[in-house]
Amino acid sequence: MKSLEELMAIRDKAKANMTDREGSGDGIRVVVGMATCGIAAGARPVLNALVDEVAKRNLKNVTVAQTGCIGMCQFEPIVEVFEKDKEKVTYVKVTAEMIPEIVASHLVNGNPVAEYTVGAIVKD
Amino acid sequence: MRELSLNILDVTQNSISANASLIEIEVIEDSEEKTMLIGIYDNGKGMTPEQVESVKDPFFTTRTTRKVGMGIPLFKLAAEQTGGSLSIESQVGVGTRVKTVFKTDSIDFTPLGDIESTIVTLISMNTDRDFIYRYKVDENEFVLSTQELKAVLGDVPLDEPSVVQWIKEYLHENCSEISLKK
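Which chain is which? The protein sequence lines are A and B, in order. Here this note's numbering is used: the first residue of the first sequence is 1, the next is one more, and so on. Here this note's numbering is used: the first residue of the second sequence is 1, the next is one more, and so on.
None of these hints come from the bench; they were simulated from the model. Please note that a few of the clues may not be correct.
[What the hints assert, rightly or not] Partial selection, computed: residues in chain B whose CB lies under 7 angstroms from chain A: (1) 9; (2) 71; (3) 101; (4) 152; (5) 153.
[To be verified] Cut-off 30 angstroms, straight-line C-alpha distance, at most; resulting in silico cross-link-like pairs (DSS-like, lysine-lysine): (6) 2/A x 168/B; (7) 168/B x 93/A; (8) 168/B x 15/A; (9) 60/A x 168/B; (10) 103/B x 93/A; (11) 168/B x 56/A; (12) 168/B x 103/B; (13) 150/B x 13/A; (14) 181/B x 136/B; (15) 45/B x 2/A; (16) 56/A x 88/A; (17) 2/A x 150/B; (18) 45/B x 181/B; (19) 86/A x 60/A; (20) 168/B x 13/A; (21) 150/B x 15/A; (22) 2/A x 181/B; (23) 56/A x 150/B; (24) 60/A x 45/B; (25) 60/A x 93/A.
Backbone N, C-alpha and C define an ideal beta-carbon position, used for all residues, glycine too.
Construct the complete structure from the given sequences, taking the supplied hints into account.
Put into structure tokens, the structure is as follows:
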């Protein structure tokens, strides 16, 4: 059974590993729309998959956060990627299954996955 | 919403927007009475009696990107369709208490679903707030308090990946044990 004593051990280990998370100000910020529309469309597993994947790859320059209604409820779940000096990338109708690809291709290697972006869906 | 835990995640966002520093979420199951009570209590900025009435109206919202707000109406519908109810008590400057009753033997009862995921998401995405989660099934109760966790963690944040993982497992073990005793 997990106990608070175990949490102490995790704290000590985390403290030892906590180096320069805030070191670079040029990090990538990823936000997930978590208003009623986003949650109903399935944003919670998307957010969790994103947090897990970023943690698994130990991407110290990436912050994952939630936001309210982005304003295109029909395209939820929506994930937006903000990077300094680059245009915002908006992924729409995102599922947890798309997350490893988005993280690997976009967040790690800098190539947005065009087929999942709003530009690929709205063509007028 | 496919799960009540998603309604809880959604309605709790209102407490966060209302600048609550402490949010209490409780889920109380009574297997004899066949009821589930879900409460979300905050110490946020509160609402006037007129606002309390209007949040039950799907065409009311405080946000500016849309003219409709669906959080409370959807939660209310989920409760009422089982023969249960939703009530809101609120006082400006004090906080808001949203209380719901669900009849678990109703065919229209939406399952609670992945409540652990809701709680972990709330805690790790809002490390500047405090949460108390109380899960009670009949006589058995489990309580998780972020104030307690923060006291252990010191300056290690609640969104540190290894801590998030621990909270997930801690919740899962304790909550499954309680539901098994039912």
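Legend entry - Hints violated by the structure (listed by number, smallest first): Hints 3, 10, 15, 18 and 24 not satisfied by this model.
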